[in-house]
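Number of protein chains: 2
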Amino acid sequence: MTKRVYNFCAGPAALPLEVLQQAQTELLDWHGKGLSIMEMSHRGADYTAVAAEAEQDLRDLLLIPNNYKVLFLQGGASQQFAQIPLNLMRHDQKADYIDTGIWAKKAIEEASRFAAVNVAATAKDYNYFAIPGQNEWQLSQDAAYVHYTANETIGGVEFDWIPEVGDIPLVTDMSSNILSQPIDVSKFGLIYAGAQKNIGPSGLVVLIIREDLLGNARSDCPTMLNYKVAADNDSMYNTPPTFSWYLAGLIFKWLKKQGGLEAMKKINEQKKELLYGYIDSTEFYNNPINPSNRSWMNIPFRLIDERLDKVFLEKADANGLLNLKGHRTVGGMRASIYNAVGLDAVQALVDFMKAFEKEHG
Amino acid sequence: MTKRVYNFCAGPAALPLEVLQQAQTELLDWHGKGLSIMEMSHRGADYTAVAAEAEQDLRDLLLIPNNYKVLFLQGGASQQFAQIPLNLMRHDQKADYIDTGIWAKKAIEEASRFAAVNVAATAKDYNYFAIPGQNEWQLSQDAAYVHYTANETIGGVEFDWIPEVGDIPLVTDMSSNILSQPIDVSKFGLIYAGAQKNIGPSGLVVLIIREDLLGNARSDCPTMLNYKVAADNDSMYNTPPTFSWYLAGLIFKWLKKQGGLEAMKKINEQKKELLYGYIDSTEFYNNPINPSNRSWMNIPFRLIDERLDKVFLEKADANGLLNLKGHRTVGGMRASIYNAVGLDAVQALVDFMKAFEKEHG
Ligand SMILES: Cc1ncc(COP(=O)(O)O)c(C=O)c1O
Ligand SMILES: Cc1ncc(COP(=O)(O)O)c(C=O)c1O
Chain A
1 MTKRVYNFCA
11 GPAALPLEVL
21 QQAQTELLDW
31 HGKGLSIMEM
41 SHRGADYTAV
51 AAEAEQDLRD
61 LLLIPNNYKV
71 LFLQGGASQQ
81 FAQIPLNLMR
91 HDQKADYIDT
101 GIWAKKAIEE
111 ASRFAAVNVA
121 ATAKDYNYFA
131 IPGQNEWQLS
141 QDAAYVHYTA
151 NETIGGVEFD
161 WIPEVGDIPL
171 VTDMSSNILS
181 QPIDVSKFGL
191 IYAGAQKNIG
201 PSGLVVLIIR
211 EDLLGNARSD
221 CPTMLNYKVA
231 ADNDSMYNTP
241 PTFSWYLAGL
251 IFKWLKKQGG
261 LEAMKKINEQ
271 KKELLYGYID
281 STEFYNNPIN
291 PSNRSWMNIP
301 FRLIDERLDK
311 VFLEKADANG
321 LLNLKGHRTV
331 GGMRASIYNA
341 VGLDAVQALV
351 DFMKAFEKEH
361 G
Chain B
1 MTKRVYNFCA
11 GPAALPLEVL
21 QQAQTELLDW
31 HGKGLSIMEM
41 SHRGADYTAV
51 AAEAEQDLRD
61 LLLIPNNYKV
71 LFLQGGASQQ
81 FAQIPLNLMR
91 HDQKADYIDT
101 GIWAKKAIEE
111 ASRFAAVNVA
121 ATAKDYNYFA
131 IPGQNEWQLS
141 QDAAYVHYTA
151 NETIGGVEFD
161 WIPEVGDIPL
171 VTDMSSNILS
181 QPIDVSKFGL
191 IYAGAQKNIG
201 PSGLVVLIIR
211 EDLLGNARSD
221 CPTMLNYKVA
231 ADNDSMYNTP
241 PTFSWYLAGL
251 IFKWLKKQGG
261 LEAMKKINEQ
271 KKELLYGYID
281 STEFYNNPIN
291 PSNRSWMNIP
301 FRLIDERLDK
311 VFLEKADANG
321 LLNLKGHRTV
331 GGMRASIYNA
341 VGLDAVQALV
351 DFMKAFEKEH
361 G
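Line by line, the protein sequences are chains A and B. With the UniProt record's numbering, the residue at position 287 of the first sequence is 287, and numbering never jumps. With the UniProt record's numbering, the residue at position 18 of the second sequence is 18, and numbering never jumps.
It should be emphasised that the hints constitute simulated quantities derived from the structure, not laboratory data. Keep in mind that the hints are not guaranteed to be accurate.
Because identical chains cannot be distinguished in the list, a pair is counted as satisfied if it fits within a single copy or across any two copies.
[As the list claims (entries may be wrong)] Calculated cross-link-like contacts (lysine-lysine; reagent style BS3-like; alpha-carbon spacing at most 25 Å):
no.	residue 1	residue 2
1	Lys105	Lys257
2	Lys106	Lys257
3	Lys33	Lys315
4	Lys187	Lys358
5	Lys124	Lys266
6	Lys3	Lys33
7	Lys315	Lys354
8	Lys33	Lys310
9	Lys105	Lys358
10	Lys106	Lys187
11	Lys253	Lys106
For clarity, every value in this text was computed on a predicted model and none was experimentally measured.
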């Protein structure tokens, strides 16, 4: 019998059981072809159909307009921190960045190595518990692009609005909230996301880019980091991460079966309301984030009495509630409740938190 | 019932059935932990142990000396074509490259974008059917490194010797022949290999580098492409491709169980002798490569009557012998017979080729 725990890991994160079961069933013999999907040439008809179908399903889910390319890349979202400036800005240009926390800062730090960065706004004055409103932003007139982090996986703050930046391309890191609800892709120049939260296994980055932004890479950009090369070759300039791409495709089909992103939004709203609702109802736990900036996907919380942290985590583990420990840089707890973490998991967590409070409160 | 074909794909390539079976068995519930290996934090104790064990098993197999780091990277071997110059040579330096075919040329082309490249020898005069002996090489006195392609996956030529380059670091692309037999790692400064032939699924690169070569990356090298950053963080500066790394670890254990690389060498020698032996014994098929430079892993061959190519491939497919079509740039046939392709598969291929010759010869 397969035992399955509730997994609140921030990434690599829980995957839908149904998807894992399908991958398991066909792991040795994909669709009666006598070999594993992992053993197939990426240039063969079977695999290219799988790859194209994954792209189409993602386009359907996010209603991606025709003038956008979808790229399946490697290197993690961290590699994008360099790839974005290398592809979108000349040495003599500058780009605007919004500092909302640890991931935004990493993007800023790496971009600064390649050209001038203007930090147009920072959440520092809010202790990173809130996102500065656009009226507080000091945008440049001539920025190559404006970059922001749609969801801070560690801090637990999320944009509930899309910045207005006129004709300047808007670039966003959606690693930890892509596919959690519908978004208007047409507002963006570039959207990128590491797969290992809401898309699939690690080792894959999904990038959505407006076509007119292709072809501007610097002369010193490595060929493998050039978006246009990837776009011109359907993300197969070289061997792509075939298994991760295939599994992402299974996830996209699963999302469609759930009713698409409107349906996911409803469930995700219920999930976060259940958890924040309970946290706010007690003095035993605390989440400090400004309510309208609270992440739907990553919910950090603290026990008011930190001495109970250890026993909380031990008991959670013993109850099959895994990976609740907060990020090493911030401490406390964090529940990541991506699409594959169901309402049942959040209910189990809240039940456990209540029982723990009763025992120790 | 699981049907399994003989798969002669050049990559992503056949994997050992035993390894796939183990991955399948534990795909939903790794070692009774209640979650998939794909769903685990790369920083958790379970996963870091899997990762470290994979490294140690690779060290055992290749007898990697202690003053070498083993890195598990992303981006494919193609990304290394840029990463190597970005990490090992200054803008004002040059590097020596040996041109032995399509993959060497790709490495040369990309490196040339970052600094001066001296093509110290080329197989062009031999029609790429032979490797120029070292007496014909025009090495520079002051090269940052010497790069060669240990096995040309498309051309089917393989070095059966290790170049002598004194104190200059020797760099080699072993994507398609790593782990096929023992090698003396201490002769090299850097060895790299895309995983999707002899190591595991695609989306992973294994790189072995002498420690003194770390720390020389150019200031404009993206952080994610910097070997020292990877080495200092045990290849977990960011989220690694956890599933591919895990599966590579299973392959390493499988290789140990087969008796290690000496045992693989014996089987691989038998396999290539069986296939080349038959090809050389008939006028119906042909392999043009200089015998001492013939690849053990990738065996291109032609039907003398090219009009039979189509029916050959159709019948091979119908007989469960897949992916024998030669690379699109060269035509003809190619049998890739990596470690996971057993003597039984090569015997089945030779039997089929004989029967085909009898029918059509
Ligand atoms: C918002 C965000 N951006 C970037 C990253 C870095 O991703 P990767 O590890 O794939 O480089 C993460 C990782 O958790 C993240 O949450
Ligand atoms: C010898 C050699 N080098 C490099 C590559 C490129 O590998 P990747 O597709 O992982 O970039 C290949 C791919 O087949 C190869 O055979």
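Here is what the structure says about each hint:
no. : hint             : result
1   : Lys105 to Lys257 : neither (37 Å within a copy, 47 Å between copies)
2   : Lys106 to Lys257 : neither (36 Å within a copy, 43 Å between copies)
3   : Lys33 to Lys315  : between (46 Å within a copy, 16 Å between copies)
4   : Lys187 to Lys358 : neither (47 Å within a copy, 65 Å between copies)
5   : Lys124 to Lys266 : neither (32 Å within a copy, 63 Å between copies)
6   : Lys3 to Lys33    : between (30 Å within a copy, 8 Å between copies)
7   : Lys315 to Lys354 : within (13 Å within a copy, 66 Å between copies)
8   : Lys33 to Lys310  : between (50 Å within a copy, 20 Å between copies)
9   : Lys105 to Lys358 : neither (39 Å within a copy, 69 Å between copies)
10  : Lys106 to Lys187 : within (24 Å within a copy, 38 Å between copies)
11  : Lys253 to Lys106 : neither (33 Å within a copy, 37 Å between copies)
Checked against the numbered hints listed earlier, the structure breaks hints 1, 2, 4, 5, 9 and 11; every other hint is satisfied.
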